[in-house]
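Below are the chains, spelled out letter by letter.
Protein chains: 2
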Amino acid sequence: MSAEKKINTHERSQHEQKKHAALPDINSSFSEWYHEVVFQAELADQAPVRGCIVIRPYGYALWEEIKKILDKKIKDTGHQNAQFPLLIPESFFKKEAEHIEGFAPELAIVTHAGGKKLEEPLVVRPTSETIIHYMFAQWIRSWRDLPLKINQWANVVRWEMRSRPFLRTTEFWWQEGHTAHETEKEALLEVQTMLLEYIDLVENYLAIPVVAGKKSESEKFAGADITMTFEGLMQDGKALQMGTSHMISQQFAHAFGIKYQDRNGGEAYPYLTSWGATTRLIGALIMTHGDQKGLIMPPRVAPIQIIIIPIFNKNMPSDQIEKAALAIQGTLGNEFRVTIDADTHTTPGSKFYKWELKGVPLRIEIGPRDIIQQSVVITNRLTGEKQTVTWQDLLEVIEKELQSIQTMLFERARARRARQWHKVAKLIDFADDLKNKGGFYQTGWCRSPICEAALKEYQATTRCLIEEKQFLHCFNCDLESPSDVMVAKSY
Amino acid sequence: MSAEKKINTHERSQHEQKKHAALPDINSSFSEWYHEVVFQAELADQAPVRGCIVIRPYGYALWEEIKKILDKKIKDTGHQNAQFPLLIPESFFKKEAEHIEGFAPELAIVTHAGGKKLEEPLVVRPTSETIIHYMFAQWIRSWRDLPLKINQWANVVRWEMRSRPFLRTTEFWWQEGHTAHETEKEALLEVQTMLLEYIDLVENYLAIPVVAGKKSESEKFAGADITMTFEGLMQDGKALQMGTSHMISQQFAHAFGIKYQDRNGGEAYPYLTSWGATTRLIGALIMTHGDQKGLIMPPRVAPIQIIIIPIFNKNMPSDQIEKAALAIQGTLGNEFRVTIDADTHTTPGSKFYKWELKGVPLRIEIGPRDIIQQSVVITNRLTGEKQTVTWQDLLEVIEKELQSIQTMLFERARARRARQWHKVAKLIDFADDLKNKGGFYQTGWCRSPICEAALKEYQATTRCLIEEKQFLHCFNCDLESPSDVMVAKSY
Chain B
1 MSAEKKINTH ERSQHEQKKH AALPDINSSF SEWYHEVVFQ AELADQAPVR GCIVIRPYGY
61 ALWEEIKKIL DKKIKDTGHQ NAQFPLLIPE SFFKKEAEHI EGFAPELAIV THAGGKKLEE
121 PLVVRPTSET IIHYMFAQWI RSWRDLPLKI NQWANVVRWE MRSRPFLRTT EFWWQEGHTA
181 HETEKEALLE VQTMLLEYID LVENYLAIPV VAGKKSESEK FAGADITMTF EGLMQDGKAL
241 QMGTSHMISQ QFAHAFGIKY QDRNGGEAYP YLTSWGATTR LIGALIMTHG DQKGLIMPPR
301 VAPIQIIIIP IFNKNMPSDQ IEKAALAIQG TLGNEFRVTI DADTHTTPGS KFYKWELKGV
361 PLRIEIGPRD IIQQSVVITN RLTGEKQTVT WQDLLEVIEK ELQSIQTMLF ERARARRARQ
421 WHKVAKLIDF ADDLKNKGGF YQTGWCRSPI CEAALKEYQA TTRCLIEEKQ FLHCFNCDLE
481 SPSDVMVAKS Y
Chain U
1 MSAEKKINTH ERSQHEQKKH AALPDINSSF SEWYHEVVFQ AELADQAPVR GCIVIRPYGY
61 ALWEEIKKIL DKKIKDTGHQ NAQFPLLIPE SFFKKEAEHI EGFAPELAIV THAGGKKLEE
121 PLVVRPTSET IIHYMFAQWI RSWRDLPLKI NQWANVVRWE MRSRPFLRTT EFWWQEGHTA
181 HETEKEALLE VQTMLLEYID LVENYLAIPV VAGKKSESEK FAGADITMTF EGLMQDGKAL
241 QMGTSHMISQ QFAHAFGIKY QDRNGGEAYP YLTSWGATTR LIGALIMTHG DQKGLIMPPR
301 VAPIQIIIIP IFNKNMPSDQ IEKAALAIQG TLGNEFRVTI DADTHTTPGS KFYKWELKGV
361 PLRIEIGPRD IIQQSVVITN RLTGEKQTVT WQDLLEVIEK ELQSIQTMLF ERARARRARQ
421 WHKVAKLIDF ADDLKNKGGF YQTGWCRSPI CEAALKEYQA TTRCLIEEKQ FLHCFNCDLE
481 SPSDVMVAKS Y
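The listed protein sequences derive, respectively, from chains B and U. Going by this note's numbering, the first residue of the first sequence is number 1, and it counts up by one from there. Going by this note's numbering, the first residue of the second sequence is number 1, and it counts up by one from there.
Bound-form chain B, shown alone (with noise of 0.2 Å):
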């Protein structure tokens, strides 16, 4: 885990304290506590225009450690990243008829620019397929132009009529990659693995169990073929989409003529695909991980690994305790993202409620008695139990620990979401529970978009199919069911 360092003399002030109430209980309002956990842990604020927010500096700290890793990944796969333009001719999103229809209403449109009114509207970006392919045609002329795998970290916005921080809101952030391929073979492999390396990132960095699968037609994107998505539980029993990765549709290549000479001289068109990943992977972490007591960063993205609080008092000048708890630090610094609070106007309790509302993994206190013995308490955020460790074993103990709550975030979500995981051969044996309590219903499906509408009564849509057959009918009708089907509440 790399290094960072830093001290906050003062970065949450007593009369700011005050401002913090008792979250709401996460068992019986999880929305209202997710509102509040957002905006208290400082997260985000909400911004001045409709479904907006400002990602501040504690949220922006976390997206970059996730930024860091998936930049990796993404590179690693042999992607480059580059810059489009935020504005589209609007001429551009009527060239693909799905795209348009599944994009108009959420479009924000730039009609007046320099002082005068535009001779062609300017869209906004919603999602870049069309700049890119638009680009791509003029880039890609002959089949050693090929693949081509581009990656673009933008904020794109569409407008939302409800919308929720992170989880939806009219600006968003994120990763767009945009690739094309000769052959379709190549597209298809492209796309699973995309997918793989984002089930990587949430599951082994997040600790978020996903389900995987591909959607039904109706939820797809829209001008795609086919759509992969990865799909956490809530603690409400309400699934998340986190991701997804396209096989776009070959209407894409023709319509933006993107034509290339072939290996045997022949004119051809590419396989396209795109795959994205947005801020709302933070709504995900929250959601998943969060407790009465606020946040619960899993440490591998967590932007403050330990929290150094100095226990000052009057047994102890407090430049030789603030010395003390800067030493530890250095210690721990080269490895482990630390903070020292060493603020003299709050109490330490208010800070250990902060620090908890924040999520820091773990928490080390240093006074006057550890600084005689030479040693530390160290306090795990998800447990909350606490220990004496000696300087000399604070390293190992610290590494531990860490790995520790790792894979107890992880399990304990995947635990959550296995008692949560039912599987129940007929809509009207789960209508009930699916409505009141939420959860994963595994179940048979016969695909018609028919029975999939029936789910609208509940609040519920198929989130994905899955590649297991233990039902043979459809939940809706007696038709056969050709593979299993994930139908859940969603955000």
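Calculated from the structure, these hints are not laboratory results. Note that the coordinates shown come from a computational prediction; the quantities given were computed from them, not determined experimentally. Quick reminder that beta carbons are idealized off the backbone N, C-alpha and C, glycines included. Mixed in with the good hints there might be a few duds.
Stated by the list, open to error - Derived CB-CB ranges, DEER-like:
1. U:K68 <-> B:K185: 30 to 38 Å
2. B:K400 <-> U:S350: 49 to 57 Å
3. B:E396 <-> U:G349: 56 to 64 Å
4. B:Q250 <-> U:G257: 24 to 32 Å
Given the coordinates of chain B, work out where chain U should sit on it, guided by the hints.
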């Protein structure tokens, strides 16, 4: 220097090679040379929206190297990254009179979204003072909340009538720092600190010598009390503003109601600063170091520091040669950014041409004879010098060569600037040279906007006030000059 490995087996295919025409003459057609080198070296491409560009992977990799260095500097000086909304209510711009006056002609406006006309139009941010100060007003309540030191990496849009890739584009990418302080002194120190960080970045990493100083009243940022600038002198004798650091007018704190309780329990307004540097830095790098063959990348920011070119011939199987190239890359890859161009469809000659155009500082050739002698041939992009180096000495020689190129680029630019830095008392004596040859003209100035406006006739402006007093009187009238001023034509 950090490590990165890549193999491009066909990044530039033969058919694309053909599209490379010789570059226009750098001396007689600098502007055309600039455009061609940007496109041919694949730093950027024209976008289908007025004044916008696409930053291609090679250009974006350069930007990522620059970002990495600057982001570290920003964090090391105690700032935290955050994200603020792209869309800003139009009314926010009207709260500060000078600010709206300066930016109104450049704004792009969203009038429709979600299929409806908006009640209040939204501005696509041209800079984020207004939205950030609005949030500062929520966050700053007590002197304990100060200083507040925030930075944002973002895209911004300013409608440009005459765009040039990287130098002036409708959308550009930048960081914008925004800070709030208790005292004017502290804010002034912040303005100066960030100016010095920028100068360190451009001089010691981009190898571009700059002149720094205060902008005149007419040239400063719309809404600033003081604008500090740092400017380089390009090869065609024009100055380029490379970034700015502002003391923001107290009007902003009042306009947005950023009130707080000071140390004495009274009501106070903070002192604000902002500072930014943009993708224009890439333009500065190209125009400072390029030559007739194309770009020259300063090693410390070069996306590829070393290109290895295996020389295939009949005396040895290709895979043996490629294996040796891979071994060399393995040796160097932990310390340097190294790529192999193993394309078997392109001649070594066209590879040399391509990587010279792209400005890779060092080229390593390895063929059958080199392998037998356990050596390679290294070519220096700046001097063109070739040397044979044994595998044993390779790491040491590469390290030295890269450092030498970094130093020579800076010294060469500094020497050129010294030749073009003229000290002349009266405009009448330098007007012709200013107009026809360009260059920096250090002179005296009474500070009157009327005398400043006399420069317009020669397409020149004051670039910055400098802390020297070699001239007692104004270049245009006979009034006293408080200190010298730098005059030049500029981008």
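Going through the hints against the structure:
no., hint, result
1, U:K68 <-> B:K185: 30 to 38 Å, "37 Å, holds"
2, B:K400 <-> U:S350: 49 to 57 Å, "56 Å, holds"
3, B:E396 <-> U:G349: 56 to 64 Å, "58 Å, holds"
4, B:Q250 <-> U:G257: 24 to 32 Å, "55 Å, violated"
When held up to the earlier numbered hints, the structure conflicts with hint 4 and nothing else.
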